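Build the complex: two chains, separate frames, hints provided.
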Amino acid sequence: MLTYLARTILKMLVTFFVIVTLVFFATRLSGSPIDFVIGEGITQEDRALLTSYYGLDQSTWVQYRAFLASFADGQFGLSFVERRPVAEIVGERIWPSLQLLLSSVVLTLALSLPLGILGAVYRKSWIGSAVMVIAFVGYAVPNFVLATLMILIFSYWLNWLPVVGNGTPWHFIMPTITMSGILIAGLTRFTRNAMLDVLGQDYMRTARAKGLSEQTVIFKHGLRNASITILSVIGLQIAGLAAAGSVVVEAIFAWPGIGDLLVRSAIVRDYPVLQFGVIAVSVAVLFINAAVDIAYAYADPRIRLGRA
Amino acid sequence: MADTAFTPSIAANSRLKGASAIWRDADPIQRAAMVLAVILISAAILAPFIAPFGPEQQSLIARLRPPIGFERYKDGYLLGTDELGRDVLSRTLYGLRLTLTLALLGASIGLVVGGLLGILAGLIGGVFEDMVMGAVDTQIAIPFTLIALLLLAIFGSSIEVMVLVLGVYGWEQSARIVRGEVRRLAQMPFIEAARSAGASGPRIAFKHILPNVISPLVVQFTLSLSNIVLLESTLSFLGLGVQPPTATLGAMVGIGRDYMPTAPWIVVAPALMILLITFAVQILGDWLRDRTDVRLRAR
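Protein chains in written order, with the working numbering: chain A, 1 to 308; chain B, 309 to 607.
Because the hints were derived from the structure by calculation, they are not lab data.
Which bits of chain A does chain B cover? Going by a derived footprint, with three or more residues having C-beta under 8 Å, they are: (1) 12-22; (2) 148-162; (3) 258-271.
Calculated from the model, a selection of chain A residues having no Cβ within reach of chain B, i.e. all distances over 10 Å: (4) T3; (5) Y4; (6) D46; (7) A48; (8) A66; (9) S70; (10) L102; (11) S103; (12) V121; (13) K210; (14) V217; (15) A291.
Here are the simulated distance ranges between beta carbons: (16) B:A507 with A:A209: 55 to 61 Å; (17) B:P553 with A:A254: 22 to 28 Å; (18) B:D598 with A:E82: 47 to 53 Å; (19) B:P553 with A:G91: 35 to 41 Å; (20) B:R332 with A:F287: 46 to 52 Å; (21) A:Y298 with B:M496: 36 to 42 Å.
Computed from a predicted model, the values in this text were never measured in an experiment. Ideal Cβ positions, reconstructed from N, Cα and C, are used throughout, including at glycine.
Isolated chain B (complex conformation) (with noise of 0.2 Å):
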């Protein structure tokens, strides 16, 4: 099939090694993707010890003021303000928090709903296999920010609509790799000898098939967090995301947008965040993909 190009078939047989032996193996681009990967992880989860200020507090009498260094700086407020006061060095840093966490919740729901309805339809067959299928061709057949941009307009935006709709992303890879991998294994001798030992289906599902189909996902779950960041990003950014005045790296870009001629810092430090973020999650994807996959890694 010519439309897997975009999607290089992932290959099951890596194996984990320590953490040593990863970082020796990569080169430095990786190795500084690795570490910004930490950094931003660990900015996360400490936000709210680490930002100076609340990410909604106002104040008034510090309106759109500038980062550190420049003239107008008001103390205590390094990376400047946005219109209504608040500071961007803790808006960029609960975004990010939030971004991660939504990302993540996304991703998380398409491995595990792609990845059981890819091993059932693997294993059952028949009507089911071709209806499972016949999703994920439709799915594939729409680019998804439409399919986004209806789920929003129905459901309105909120942070629940908007984990439901990064969930529906990326199910449909998640579903077409372990289908693919369970009709391999099916196929495999130690399967057979499961079934005449008399295991039952769902011991040979979770048992035998879910372990091998394990690697291809990881791979799959790393590749789709990076494009769900951006998707994430972008709806927020048309305003269709998660609503103000909560802090999102895309919403503080897209309303941020209206004050560049005199206040560009508000657009800059988150847009430099999304960068970040996308930046470390590709590059650790490929890695993990190339590592993973026999046939790129003769090249």
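Only chain A is shown next, with the shape it has when bound in the complex (with noise of 0.2 Å):
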């Protein structure tokens, strides 16, 4: 178990490593960014100036050492657009997506786990392939036009929702739903199939043939074997999705997160913002799948008893 853990852990430090050397040297592609920022007519001098105060003057490795040295004191640098320590810029924004993931990972799990476990266990009858439809629609349809049709409707034609902002509770709910579309589909998905492997199980039968009541044999014998492949889903896959997922909701609904941040400083080339906020949502997501794979290992005693 303690070579697993430090093998993951260890893995997910060079990933960050990589990640975090790909961005800086990414970003230094393009030459200096200064002249998208300030826009033309500026003067010699200016531009000299404004080069050295970004310290875009120096060689490229004097450069990448400053980069990694700005993360150590905890400022990440300066945002070429705000003028301010780019922690602070997207430190504001953490608690709106925390807010928007939160409900839209609830409003996932209420429906997806119940309509899942529908689909495997009627998976014969309508039920099933009305579940089936439910989850390859989610699937199919992409989260903007979902977002756009949903304004269309229920802000402009019905007046009833509001289109921007994350003032009161009324608000949450377009995005919400936008957001969740997808993973519902993906989660239903491999809830039933999750459902399907354990329903097929020896010990299925041999629940039944105690004489065990339907609803123990589900949900005692079955959903519990299969929620060790279903939490392992949501880890791993929810958290790349949601991520994916933040960028394009909160663009629309001009959601103060910090997915609505990526894409305008990516809009106005503000790269040190850019730079941090890439790293800081993947290393969320990295952390996600390496607590995910331990808890994972923990739960499987195959790898716990040390054979990784």
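Here it is, written out as structure tokens:
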């Protein structure tokens, strides 16, 4: 178990370092970002001043070391656009993103676990087919199309829901549904498949043969065994999907979170913010993945007992 | 490994049957998807001939006109016009053409690059394999939307950069699948036989291994095609993809959003077109995967 733990953490650290390095060198490929940020019409002196202010006149190697050092002081450099520490800008946006993520995860779990179980148990009747159709539609409808159509119907035609911001509980409805759409589709499918795998096992027949009620068989024997697989999927896939989804959803609904910040800083080429935002989100995803890996290993005696 | 849960392994033993057999085996939804795919591809190819107007042709006297059947409809503009008096139908057709072209190019680049790296990693092994698989793991770990945002911010938004970004998508899945297959095949007697008969490395790679990994690659290609269509339209929607005035479906939805209260038709036509594409490609991708995956066929 310890070797496994050490290996997982080491792998995470290596990936982290690779991401940081790639992000840094990628942003240096395109030449000086000063021209994009300031625009045309500044004097040569001002340009030189700004270049040295941001340390862009130094060699790439020195800049790289400064970039790594900026992680140490906790400020992560200055935004080109807002002239404030990046940590401050990103920090303000964490809570709104988390709120949206939490409400989406709650909605996703509340819908997809029951749907997936229904889909597996009643796989041969219309209920099972209906579940598969829901899962498929959720997967095939792009989130920005879903969001646009919802805004058109519920905001402009019916005038029920607000479009932008995160002020009231009403503001949560459309972003949460949009964000959950693809998550629900994915998780429903996998809950169903995990349950199907379990339902075909010998111990399920044994449980029925013992005379246990169908409810006990499905929930105590079935769901509990399937939940290991389901849990790993929640961690491994949901983190990545949610990170990608939040970019789109937050940009559409002008939700003041990290995803919205990333799109804005990509459009105006605010490299320090974009770099740190990408790194921060990737690290969050990495961290969740590693945590799930470890939890999964702990739950699986074959790995826990040392044959990693 | 737990992380293969979303991408079931694709077994190699599939045989391509004749078109009539494929049609007979398909269920109604799959048949609908096939017909739809044929229509969409034909529409994309024939866009310059069937579109009533040029995609960027403006008409100031026909701005924001609704589709046929509504008041203020202007003759000839079947699906209405946008804020610059451009024909929505023509732009949707050209947008479909561009989206499908970009997706095909992107998926092909990913397939070739990933496939080659996968074969080489599997055959050469050692440090090279570690490096390729390290890159694969890294890309899987980072949500691709973030990589795309970064690349587009750095290189700017143009059609060439877009193809590059879409090409970077999905190579890692191809590489992983191919490497796995190569490792499996390398143990097979026929490879050993080829080797002892004195076949060179490249000959083994291309004559003996490549034909065996084609079918899982075809499946992977279809799956990444539908994801790339989504990715391209999402990025264009956010204003980071191909820049105006070029017609892409995502950008039409993105820009048309501003006119939604008064002119919803600008958004509805391209949005429905995106739905049709993803519907067709997803169904066909799933169908192809199920046909080639022995593990799933039993269900």
